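J.: Chains as they are written, first to last, in this note's numbering: chain A, 1 to 652; chain B, 1 to 287; chain C, 1 to 87.
FYI, nobody ran anything at the bench for these hints, they're computed from the structure. As the structure is a prediction and not an experimental result, all values here were calculated from the model. You may find that some hints are simply not true.
Stated by the list, open to error - Here are the simulated DSSO-like pairs of lysine-lysine, each with C-alpha atoms no more than 27 Å apart in a straight line:
1. A:Lys242 to A:Lys303
2. B:Lys101 to B:Lys35
3. C:Lys46 to B:Lys93
4. B:Lys35 to A:Lys464
5. A:Lys475 to C:Lys55
6. C:Lys46 to B:Lys101
7. A:Lys406 to A:Lys464
8. A:Lys30 to A:Lys53
9. A:Lys242 to A:Lys228
10. A:Lys241 to A:Lys288
11. A:Lys53 to A:Lys22
12. A:Lys475 to A:Lys447
13. A:Lys440 to A:Lys406
14. B:Lys221 to B:Lys137
15. C:Lys46 to A:Lys464
16. A:Lys475 to B:Lys137
17. A:Lys483 to C:Lys46
18. A:Lys2 to A:Lys22
19. A:Lys210 to A:Lys228
20. A:Lys127 to A:Lys60
21. A:Lys471 to B:Lys221
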Amino acid sequence: MKRVGVFVCHCGLNIAGTVNIKELIEQTNKNPDVAVAADHRYLCSEPGQALIKDSIEQHKLDAIVVAACSPAMHEVTFKNVAQSSGLNRYQCEIANIREQCSWVHGDSTTATAKAHLIVRQAVEKVKLNESLDPISVPVTRRVVVVGGGIAGIRTALDIADSGYQVYLVEKSGSIGGRMAQLSETFPTLDCSICILGPLMVEVYRHPNIKLLRLAQIEEVRGFVGNFKVKVRQEAPYVDEKKCNSCGECTKVCPVEVPNEFDSGLTWRKAIYIPFAQAVPPAYVLDVKNCLGLLPLACGECKKACDKLGMSCIDLDARPQIHELEVGAIVLATGYQMYDASQLTEYGYGIYPNVMTSLEFERMLSASGPTSGIPRRPSDGRVPRDVVFIQCAGQREPETALPYCSKICCMYTAKHAMLFHHKVPDGQAYVFYMDVRAGGKGYEEFVKRCQEEKGLLYLRGRVAKVYEENGKLIVKGVDTLSGKTVQIPADLVVLAVGMIPTLGSHELASISKASMDANGFFAEAHPKLRPLESPTAGIFLAGAGQAPKDIPDTVAQASGAASKALHLMSSPTLEREPTVAHVTEELCSGCRICVPACPYEAISLNPKTGLAEVSEALCEGCGTCAASCPSGALSLRNMTDAQMLAMISAVEQ
Amino acid sequence: MQSYLYFPGCTLRTVATDFDVSAKACAHALGTDLKEMQGWLCCGAVYSNTSDNLMTQAGPNRILSRARTEGNSLVTLCAGCHNVLKRTSIQAKRNRERQEKINDFNEETFDGEVNVFHFLEVLRDFVGYDTIRGKAKAPLQGLPVGAYYGCLLLRPYREMQLDDPHRPTVIENLLESIGCSPVDYPARTECCGSYLSVPTPETIEQVSGAIVQSARSNGAKVIAVSCPLCKYNLELSQSHEPKPMPVVYFTQLLGLALGLSQQDVGLDDLHYQAIRGNLQAPMVKEA
Amino acid sequence: MDLLPHQVIRYLQLGMDQVFEANSSWLCATCFSCETQCPRGIDVSKICEAIRAIKLRQDQHDLKFENQPPQMPQQGLVSAYRKLSAY
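Assemble the whole structure, with the sequences as input and the hints as a guide.
T.: Put into structure tokens, the structure is as follows:
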């Protein structure tokens, strides 16, 4: 007969405030299976843990039940106590009488009665628990980082510098992401590509980083420490080692499409270099917009390149599939801008002189469509009156995005100031609701902008933008003075929200990383674990997890790298042994369990014809056990017998 | 022949008979029929918000419960009636507890089973612009008309759901299919002042006047509306104007384009001549 | 308008009774532009109706029917009376 000890935690008043601990102990002691029942104010504390250790020794306990908070909080703590007292760690069960009892019920009598039942259940379970040993699996000491923006670049460099192999998978033809598109970064007004460029080159030159451009994840299998990632890499049709960016191919290409790098403000050819400082420093063929390769419709680019004796272009290239074996995956896919044409009151897409913030940013850039001079898209004139609308389509739970994108107040201040520097007799108006400038040096920066001559901050929203006599009439309000405002503007810039990058939904599905309600990758805990996905082995960095600025992105990226490095710090990883197993005598080889398993951990052994569980792949979800018609499959320490015993315990 | 159950409302029976007459004539010309429902009564003109005084809900609910006995759709023309009846129907489904009290009082049950449509929706979704274009024997070539939506057709957006509340196009699309050149002007979704013409007619001069001015300065020569009160207010704001902008119902323009006569669509000479005078090409067929 | 729509809401939030004396709620035409535009979906016209109802239930209202425009459609008359004098 197993000697079970029950330890009840007061958790200060969290439990003791609702559950009558004294009565609970009394009731528990009546249970013949319980050798000892004790309580403590804070069992997770040192003295609390010591109480359990001493009791185990004193009463020669074989198993313990800790009635306290959720196992998500301290299961590991108490399992460690059991282990250090000489018990097998799986002879410890947690009875959650906080989140599932004292925190959700108000009446003491019923709460105490329920707590008693919860404890009884746990006792019944632990009575039948087997002693188990963790399963040891090897760790593949390589990492795949998805996304080549500043987040992916920082993560890749940190891991590579520590001596491990990194695959950097980037969807487009060059790394650099959004930061490469920026003109200057707040609050220092550093030239963005100047500070990013050296990092991009470092990535390209790093012996431990393999850069896969035009590549996307197609499939993720396996589990933490042992992922098998299938990457599909589109053919660039240009050999990046040979190409010297001479640009002769682009001159002869007949196709013109909107240039994504310039947010659609300029055109590019089908064969193009994403931007001047692209890494890899090579051209790429956009096969979707090319006139056709099978059969060959044009081929002028190849002719031009061959004529020079370069022969960098191979129009017969094919996509490649890479099968990568890695231990950890870091998702750093970044963001895109919200579709401003949804905000019909502002007229984006209808009036050419209404632009998004990213388009304006490109225009401010020296490498942009107008060489850094702000101009009206309609007629090319330099605008005198520019209206900036903050919170465009954001903080609007009823009509657009409910959240705040964190960076817009800062970049709008930057835009207004840079506009004024370039157009000294111009006037910038900024419609704001609040100014959010929480980062280091941010408040000082915004104040500097607000105090500039030629910048007017108006507190209020804009109701409508319409065109009249070549001007954009902006109807808004300044709530501080209580007056409605009408401004005839030359240009209107909308600070639209950041949304997850196109394709992140599919990536979340493929990698089984969770997404939150707004489509960003979900973190394991919003406060304490902001860079891990709830799925073990997958880490998060950058705006793909939530809107953020560059310093926070870089910090998070280094953090994610450190998490990956921690994962790889030992050659093996220990996995929970509470996995499924097959009682061979009961298995008829019906195979119902095989497709039921979401992790593909069950297969039919070809020799025996019976089901076989790969313990390393099994996540212990129990789906197979539920599906098995003969009861051959069961979960260790969550058997049918245990569950029935737990149910009976409640029925009494 | 497709027949639509129709609710005219009291204004269309008295002061705005031209709206009613022209709509019915259009329906007929398009091979459909607007069949007046039995036992209709005044809808109350506005949707009341007081939740502790349900008397205001009695009338509209009674109308809908009677319509239910004849079908499960109801077509309206007047924007005010449309707003009241559509919102009543939606709330009847959403707020069951309140609806029970209303049904109890009315001794006629309505539970939200009637779908309320505006005639513009019928023309867009059931008849179709292609059909209309095909049947437009006398298209109003190039008539620069400003469609005026007002408030109640489009808002509150979550309930009315007729078209985009900031940049609607349903009336312009209809007008284009009959040959007109609709004019875009910023004030086409602004309020005409509504019932404020009763206590403060000077407000109307200001707000409706701004709408007419906006239409005029963008090149409109005629304004097309779907509400008798909007028509009234827009005309009231021009009462001192020597050359006022004519305001007509969209069904009158549609009727003319379908080959109906001036009398058929209830237009007086002043308005009829204004339309004719602003066509880019003479009307091909005159009835 | 004495108070702009957002000020009407603010006065109510702060319990400032001047909102009941302001002419703002009596100038509301129930056009719903507020509710359509408001990022939080607040229906200020509904709030104005409540303010009017409170005043009307205290037998205090602002409606004058002196110089009524001729041949007004009954839609307008009924709306006016219901919005500005009924409670």
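J.: It remains to establish, for every hint, whether it holds in the given structure.
T.: For each hint, the structure was consulted:
1. A:Lys242 to A:Lys303: Within the cut-off at roughly 16 Å; holds.
2. B:Lys101 to B:Lys35: violated, 31 Å
3. C:Lys46 to B:Lys93: OK: C:Lys46 and B:Lys93 at ~20 Å, within 27 Å.
4. B:Lys35 to A:Lys464: Distance of about 40 Å is beyond 27 Å: violated.
5. A:Lys475 to C:Lys55: violated, 32 Å
6. C:Lys46 to B:Lys101: holds, 22 Å
7. A:Lys406 to A:Lys464: holds, 24 Å
8. A:Lys30 to A:Lys53: holds, 23 Å
9. A:Lys242 to A:Lys228: violated, 31 Å
10. A:Lys241 to A:Lys288: Given that 27 Å is the threshold and the Cα spacing comes to 23 Å, the pair holds.
11. A:Lys53 to A:Lys22: holds, 21 Å
12. A:Lys475 to A:Lys447: holds, 25 Å
13. A:Lys440 to A:Lys406: holds, 14 Å
14. B:Lys221 to B:Lys137: holds, 22 Å
15. C:Lys46 to A:Lys464: Judged against 27 Å, a Cα distance of about 22 Å means the pair holds.
16. A:Lys475 to B:Lys137: violated, 42 Å
17. A:Lys483 to C:Lys46: holds, 22 Å
18. A:Lys2 to A:Lys22: Given that 27 Å is the threshold and the Cα spacing comes to 24 Å, the pair holds.
19. A:Lys210 to A:Lys228: holds, 16 Å
20. A:Lys127 to A:Lys60: holds, 15 Å
21. A:Lys471 to B:Lys221: Holds - the C-alpha atoms of B:Lys221 and A:Lys471 are around 23 Å apart, at most 27 Å.
When the structure is compared with the earlier hints, violations turn up for hints 2, 4, 5, 9 and 16 and for no others.
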